[in-house]
Structures are given as C-alpha cells and as structure tokens.
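Visitor: What follows is the residue order along each chain.
Number of protein chains: 2
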Amino acid sequence: MNNEEKISRTPFPNSTKIYVDGILHPIKVAMREIALADTKMSNGRIEKNPPVTVYDTSGPFTDPNIEIDIRKGLPRIREQWILDRNDVEELTEISSEYGKKRLNDEKLNELRFEYLHKPMRAKKGANVSQLYYAKQGIITPEMEYIAIRENQRLELINDQTKAMQCQHGGNSFGANTPKSKITPEFVRSEVARGRAIIPNNINHPESEPMIVGRNFLVKINANIGNSAVTSTIEEEVEKAVWACRWGADTIMDLSTGKNIHETREWIIRNSPVPIGTVPIYQALEKVNGVAEDLTWEVFRDTLIEQAEQGVSYFTIHAGVLLRYIHLTADRVTGIVSRGGSIMAKWCLFHHKENFLYTHFEEICEIMKQYDVAFSLGDGLRPGSIVDANDAAQFAELETLGELTKIAWKHDVQVFIEGPGHVPMHMIKENMDKQLEHCDEAPFYTLGPLTTDIAPGYDHITSAIGAAMIGWYGCAMLCYVTPKEHLGLPNKKDVKDGVITYKISAHAADLAKGHPGSQYRDNALSKARFEFRWEDQFNLSLDPDTAREFHDETLPADGAKVAHFCSMCGPKFCSMKISQEIRDVAEAEKGMQEKSQEFVESGKEIYS
Amino acid sequence: MNNEEKISRTPFPNSTKIYVDGILHPIKVAMREIALADTKMSNGRIEKNPPVTVYDTSGPFTDPNIEIDIRKGLPRIREQWILDRNDVEELTEISSEYGKKRLNDEKLNELRFEYLHKPMRAKKGANVSQLYYAKQGIITPEMEYIAIRENQRLELINDQTKAMQCQHGGNSFGANTPKSKITPEFVRSEVARGRAIIPNNINHPESEPMIVGRNFLVKINANIGNSAVTSTIEEEVEKAVWACRWGADTIMDLSTGKNIHETREWIIRNSPVPIGTVPIYQALEKVNGVAEDLTWEVFRDTLIEQAEQGVSYFTIHAGVLLRYIHLTADRVTGIVSRGGSIMAKWCLFHHKENFLYTHFEEICEIMKQYDVAFSLGDGLRPGSIVDANDAAQFAELETLGELTKIAWKHDVQVFIEGPGHVPMHMIKENMDKQLEHCDEAPFYTLGPLTTDIAPGYDHITSAIGAAMIGWYGCAMLCYVTPKEHLGLPNKKDVKDGVITYKISAHAADLAKGHPGSQYRDNALSKARFEFRWEDQFNLSLDPDTAREFHDETLPADGAKVAHFCSMCGPKFCSMKISQEIRDVAEAEKGMQEKSQEFVESGKEIYS
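If you're matching them up, the sequences are chains Y and S in order.
Going by the numbering used here, 115 is the number at position 77 of the first sequence; the sequence numbering is gapless.
Going by the numbering used here, 444 is the number at position 406 of the second sequence; the sequence numbering is gapless.
No wet-lab data here; the hints were simulated from the structure.
Accuracy of the hints is not assured; some may be wrong.
A pair counts as met if it fits within one copy or between any two copies, since identical chains are not told apart.
Cross-link-like lysine to any residue pairs, in silico, SDA-like; alpha carbons within 25 Å at most [said to hold, decoys possible]:
1) Lys614 with Glu391
2) Lys390 with Lys614
3) Lys156 with Gln617
4) Lys110 with Lys173
Isolated chain Y, as found in the complex (with noise of 0.2 Å):
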C-alpha cells in the first residue's frame, strides 16, 4: 500500500511550520506560523503586525520538510527518551495469543503494515506512567513539551495584543489556571495531582504530547473506525491524518469491522496524536459478537494485544455494575453506550458482577507497564433529554470516582468518559459531580446535546452543550459530526465535527481566561477591522472556507485588498465608516474642531 498521494499534507497557507527547542531537555515543540501583513495607516504609517504561532496537530504532515512513507510511518520522536529512562525492555516478541495469530497467519501479509517495530514494556516491577514520575518530582521531556506547546510563544505577542485582553478577564472554573505562562513543573504537579494526565503509551512513539486537564487548553477527540460496513485501512489512516489536520488533539479508532488489528498498526504509525480505543469492541469480535461469551481472559488478551500497539487510552465500562441494570429498564432511549449494552447484557445473561470490574486492579498492573490510561467509560450515559441526570447515571458515576482512586492507587493515570444528551440548565451538575466523585480527574464528555430533534444536525446540537462544560471545566470534549444517529462519518463529516468542536474547545479556553487563547481572536478582529482580507481567511480555523464564502461573491483579487465587502457594499460598509471615525477621534481635540476636521478628512477620503 503506497499511497501518499491520497494523504493530505499540504501546508496551511501562509503558515510555517516552525521547531522551539526546550531547555531541560533537548526537544523540538513543533507549532505552526502564520505570517501576517502590515498595517498601513490612514496617515500612511506602516505598523508590522507580529506572527501569530498557534496550536498545531497535523503533525510531520505539514511541514514539507519531513518526507513522508505512510508504509514506515511516522518519525520516532519520544523513542530515545524513553529508552533514556532506563526502565522499559524491548520484547523479542509480541506478548498476545491473538496478535500472533494474526502475525502468523499468511492471508494477512498484504494487509499487514510492514516495518513492525518490537513491542516495549516496563522492566519487570517497573511503572512507566507519567503519573509515576510526577509523583517521584521528575519532569519528563513530554512535560515540558507540553509545558512549551502550550504556551503556544506568548512571549512573541506584542503589548498592543497583550493589553487587548476582554473586560472582567474570564473566570476559571479550573483550581488554578495559570495566568502567565505554564511552567514544566505546573505540568509536572497537575498530573502529579491527578488533575491531568498525558495519554502517552511508549509503544507510540511517534506521538507527539499533549495533555488533558482544565487547566490546560480544552482538548478535543475525534471518532474514526470502520464498521460492518467496510471500508479500507488506507481510508481509515486518511481520516485520522485529516482529522488531525484540522485540530483533533486524540484519535479514537471505534473500528468494529474486519481486520481491526491491522487497521489499527497502520493508523497508529502514522498517527501524531495518541490513539485511544474500546477494547471491549474487539473482544467481542473475537466471540463472534455474542456478549454472553466474552471472557476475562480474551479481554486480557486484547489489552495486551493493543498496548503493545501503542494505543494510549483504554475506555473501560467498568461501572456498568449488576445492581445499576434494573435502573435504565424505564428510560425512554435504555442504554445506548455499545460498550455499556454489551456488559450489561453479559452481567445479566451470567447474573455476575461485571468482570472489568472485578479484574480491575490486574488491568491497572497491565497499564502500568505501557502508561495506558484509563477513559473510565460511562456505559450508562443518557441517550435523550429525558433520561439526563438520572439515577443510573450518577450511581455509575460514583464507581467511577472508586475506580478512579484505585487507579491512583496503582500510579495509573485516568480520566472520565461524561454524557451526552443534557438540556442546558442540568449541565453544570454533571461538571460538579464528577469533581467531587472523581476528586477532579480530569473530565472527557461527548457533547453533551442539548435537544433530541436535529438528527442531522447534531454537532451543532452537540458544539452548545460542549462549549459550555468546557467552560465549567471539563477537560476533553469528544466530537459529534452531522452523521451522529443516522450513519458513518465521511471525511466532510469529520472535518465538520472537529471545526465545529475547536470552535467549543476555544470559546470555552476565551471564557476560563487562558493565557494562549484570546490573542487569536485579536489578531483576526483586527485584521477584519483592517480589511486584511488574506490575513483574516489565514487565521481562522478554516482558511479554505473562510476563502470560498468570500470568493463566491466577489472573486476578483482586487476584492481581497478592497475596503468592503459583498454583505454591505462600499456606501454601508460601517468598518470604514468607522475607520473614519477613529480618524476624527483619535485627533486629542474637542468635539468642535473634531467635526470640523472630519469635514476636511472626509472630503480627503471622498476625493
């Protein structure tokens, strides 16, 4: 399978990709540039407006100097730093039952990515989580990658933009959001605390670090995966690389068709973000699909199987426990988590605890040796607005925040899976108490939406409820495309989903006061203030878009320097009006003689 040419990897326009070196260690935080054009003044001054360096996911994608064989994957940029630390033996072998087989099995060699790398593990007795170190005082080159990336070279941005910060500062409903940059060692004490955590298995290497907690910029998580209706491993790599592209800071591959394995080596080589899964979806595949014949032992064998891969969360519907089923028998839409059905049904048909569950102190032995996290699942989410905040949901929620310590316990780092489908006014609640429940581990939601009625239309359902409990502090916002409830995601989807939810990440980092957030919107105000046409399409989110709407009414070049545009027309256009207007103010006068001038400017203008 060769076939970079369908991989998207062009550059965003006007932008470069650009290397900040760390101090502690020797690392390279990549971000993106995108260069702006001056200034010019009605009085003919030129003022240069600075480059503005964002956030950036896409990875070795966009930058064109970094070649590109989807067939080796990605460069291995954390594999030496993980080797530094001394703690971790590369396996000569893979350790799964399951994953030999599919090793074995010659059907297979065309499908199967080629370079295979040898699985590694923590030396015997050894921890090697992000959380282990934090809480031995260590920062890690990942914590400092962080620490810089997210900062995202505040420094750069000049006093104007500094002072430009919106009236009453925003208010955090993190403990402690800083309000000048992010140091390693917030980093560090944030995950140390639990409050955060960085999904970061050291059998993806490739991966570039992030963290998720509130005090950090709002994450998202981006939902690829096949089903029974297939579709190829290369279709499936694309729609991570473009997912990534456009802003997903995780990738859960949901695939729950044919060769999920190989589907999933072939995504996670070339994946710049961690890669998270539902372990239970494979195991179940292994049963041929009969719940009641999942074992302890196949799901084991699948943990095993996909740490070795590197995946680097594991949603795990361990709350999902006996006593809690009768709860949702009267709800209008029952359980609709697929991985909360699937236990749900196994713990009835056997009349026994859930197994994850009971096993879950040896899942923690196994996740510790890959520092996979956990993504505790919420198998008994609400799947309408009427079945919100019940009974089941939030005795679910309470084993969750007992699982979560047990974790802790185990130096497992965790964070919690959230609904759903809530009305507005019932969303905080979810926030505070999975605060007090989990004792603040960071929260990951999907949405929630606020209605039922918009099939269709359900990421802007879902992008209301998502901004806001960003806001209210939850950590990881899990997208929703228009296709939710009504089919497969295709790449229009999935771009759609992830825009629309950096549009709810941002709004909510605007509305808790992060630092690195509102100069954007600055920069591009006052560029559409200034009628830098060029410059306002190549901040935005989306400059392809933003682009053609312009375009579609006024395609001429000369329309991109034109101090107007096609909603208004010259004579309306009130940015110019009010540009005059500034003209006259500005002028330290009084009104009077303001007016006065301003006849005289305004002929000037006229003329």
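Go by the hints and put chain S onto chain Y.
Guide: Chain S alone, transformed into the frame defined by chain Y:
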C-alpha cells in the same frame, strides 16, 4: 412576474396542516401535525403513538388546499379583525412623498406589485397598537391566536409523554413562565406589562400573529435582502418563503440595493410572518449614500412609506448619542453596526445630537398609527470578543432603557437589540443589564458570537451564545449564517442559519422548562429507540437532511425498518441490546429468574 413554480411549497413529510378554532374569536390557528407509526412491542402488542403538533411558521405555502399566487399575495387573514375594531381608516392614497413618486414612475411598472391595497391608518387620535388594547384590558383575536399557537395542542400529548419531563423541570429566568397552558389573558397581561410584544402592523394583515417575550417560546429572525450586489425581487421573495419554511418567526428585509421599495412590497404581500426593517438604510439611499446629507424629513417620510406598506418593526438607532462616539475610538473593531456608524458619522459631521433621539416622540406618534414596534438598535454593539461589554455598549443600553419608557408612554411596543460578539462568561451580564435598564422589555440579540476565529462557521460560533442568552431570558435570536463576515447568504446559507437558530431557540426552551417544548424531543427519542426511522426523520427539524444522511450508507427501503444502523451494525447496536435488557428487567422478577428468562428470550431473539 409569475413564478409560483419557483416558490417552495411542498408540505412536510407525513405532515398535515391543521387549523384550531378559537373560543373567544372566530379565528383559525395554523399548525403542523406529524402522524406517527405504531410501536410494535416485543411481546407483539401494538401501541399507538399520538400525532405530534408543531409550531408552524411556513404559512399557507405548505397547505396544498390553498391556492398561492404571489402576484396577488397571501390571504389577508387579519383584515376583518382590524376593521371590526372600528379604529382605522382606509386612505385614498399613500401618504409618503417618496412612495407616490415610485408609484407614478412608469419605468417601474413591470417591477411593481400588481394588486396594491389602499393603506390603513388609525383614525385621528386613535392608537391601534396591541399594547394599547392590552392596557385597556382587551383580549384581541391576535392574543387568542398566540395563546393557542404557543400551546401547540399540548392537551393531545398523552400522559406517558407528559410524564416524560426531564428531572428538575427546567429553571426559567422569566418572571413567571407558565408551567401549564398559556391563556389569552396571560398573553394580554404580558403585552400590557411591556414584557412581550406582538409585531403586527395593520397594513400586513397577511401575517399570522406571533409574540416575542421571554415567557413564551424563543423566537428567531432571519435577515434577507439584496445589497449593491444585485439579486432579483423573485429571489428575495423565495428567500423569505424559504426562511419561513424552515422556521423563521420574523424576517428582516435589509435590502440596500436598487428598487427596495418594490422588493419590500413583494416580500410583505407574500410573507406569513412579520417583517422588520432598518429604515435608515433606505433613507441613506435617498441621499445617495452620503450620511451627512441625511435629514429628519427624509427619515420621517421613509418611516411613513414603510409603515403603510406593512413593516411591523423598525430598527432605530436612537441610542447612538454624540457623547458616546468617542468611547468607540480605542476599540479594535470600532462601530460594526451599519446604522450605528451612519448615525455616528452624521453626529460628528454636524456636531449635533442624533436626530433619531431628538425626534423620538414624533417617531412614536407615527408608529402608534400603524402599530409598528420599535426594535431599538444597538448601534454601538461590540464587533469582536475584545470589545465586548465595554463602556460604549453599556452607555447606549442605558439610553435605550430611557427611550423604552418614552415609547411605553405612547403605548408603542418596544424590544431591544443586543450584541454581537461576546465570550461565554460575559453573556449573562448582557441579559441582566438589559432587564434592569429596559424594565424587562424583550431582548433581541444577534448571536452573540462566542469567538472571532471561525469565519465560515459563525452560525455555529453564534449558536452557542444564542442558546445561552435564550436560556438566560432573551426573547428573540437574530440568526447568523455561515457567510457572516464573508459574503451574502444564498438559499443554502439561509436554511443553515435558520435550522441552527431553531436548535438554539429550542435548546433554550428546554432549559427554561417551557411546557410546549420537550414533548417533541421525547417523541423523537422514543422513535429512535424503537427504530421507527421514518418517524425519526419526520419529527426532526430538517427531515430531508436526516433522511439523506441515513440513506447515504443504507439506501435500501429495508434499512428504514432495520433494527440497527450503519454506525454500529447489528451486533453492536446498543439500542437493540438494551431493548432486550428491558424486556428482561421489566418482568417483575428476581435477578436470578431474570437471567434465566433472558437466556430463553435471547434464544428467541437470535432464532
């Protein structure tokens, strides 16, 4: 111009236009009834699902029994109600000088609407505003129509659905949102208090009565209109019909190009919803776009011209005072309101106070004769996140409060326009200050946009702010289309904007606990859980898109009855599994028996 075929008028799928009779008055209230399929229970029983009645803004265009001829305009349903009040006179000719000139210009004959009606005006000394009647204790047909319309036949909703109210009820920020049905007397009392308005020009009897107030369903406005970039009259009429079809409660005609007098006539005669305008735009055209040449006389004639055509509310920027203008000088985006910048320019040039402010009582005298409502414009609204909630904005808001009381003194209806660009944490302050300064007059906001960085997606950046401020008590939301800041919206943009804002408005209704809102979510979620795909499509805001997205992956008709979809496939369908779980759990038995029974029922299911 005979282009009915170009006008959208197909009924919605499985929907019937129904008319509910009034009790106090001989009125017929139009609604849309969606018929649903039966529920087939797993035990073989059949459960009927009552039809769902929804608020319908599409007018006669979706009633196949009504003949439409846009050259003649819509049926004048309110004409008799108005005449019966005996307080209006039919004028022998239109009063405005400009209107007469256009009427006698033969070059316009082919553009002109053929079947012109003589304008109506209050008899000398009379006041025909709904506010005047309300204060007299009169319940008008308009008020009864609104009460019936807002209730959407709640009585039909069966107990089961009524029982399905989400926990905690919802917490309205309104003074006293009715938890049960809305009565005509409640409508009257809210109007009399000034807390709600009925945009309802006596010269637009084709429009169906609707109300704007925070104790009623949240309404949305769609802006249409051509600009310097030409677009034909017929396109504008279809744009209006199209916007109403998808849910616009009012339409603002913001035309600034040629023939706006004639365009407006065509739009009003064919609009089932009230029309609003910004008269200063046309006044500026009359002085060839030179703001400083504007005069009270030109503006006055424009008000009368538009009032006699049937415009139901005027945006008037009377709060842009000379002394406030310098407050915008240091803004990043100055003055972004077209009307605001025009008036600011006039004030500075002449160094005189805004003539809309100095002539405010004369404006009231004109408006009360036709029942035109004030939409007090926020000429100094912020155009960027950094300018939000600043001194200029709030100074103007206080003046709007002062003007509100003057309008009320004349029994002229008023609502207040609001921003704009506001980060989430600063939105509530806008609502609180507006309620305080404007004594609870309805608030009508544009968005607000919660970030500046997503041109091309501002329907979404603003849908977040719109939903929140709607929840906080904003009565009407002015839509924003994807083309905002970039170009003129086309039909697709208009639909995207309207659907997006219906989502925000409905999410707000749910959060406020409006009795006439959640039943639709419940009905759709129940259909979804029961795999009644057709019902799910038909109950959604946009049945066409929902169906189209579903069929992209599963086009076969069989898939419409399949108990799974392409997202998860049959094995992973949580809905299917939890239906099985419910079948078990519902049987009142001990868990042990349940699991036993499950094995059996399970066998059946898989046979």
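Visitor: Go through the numbered hints given earlier and state which of them the structure violates, listing their numbers in rising order.
Guide: Failing hints, ascending: 3 and 4.
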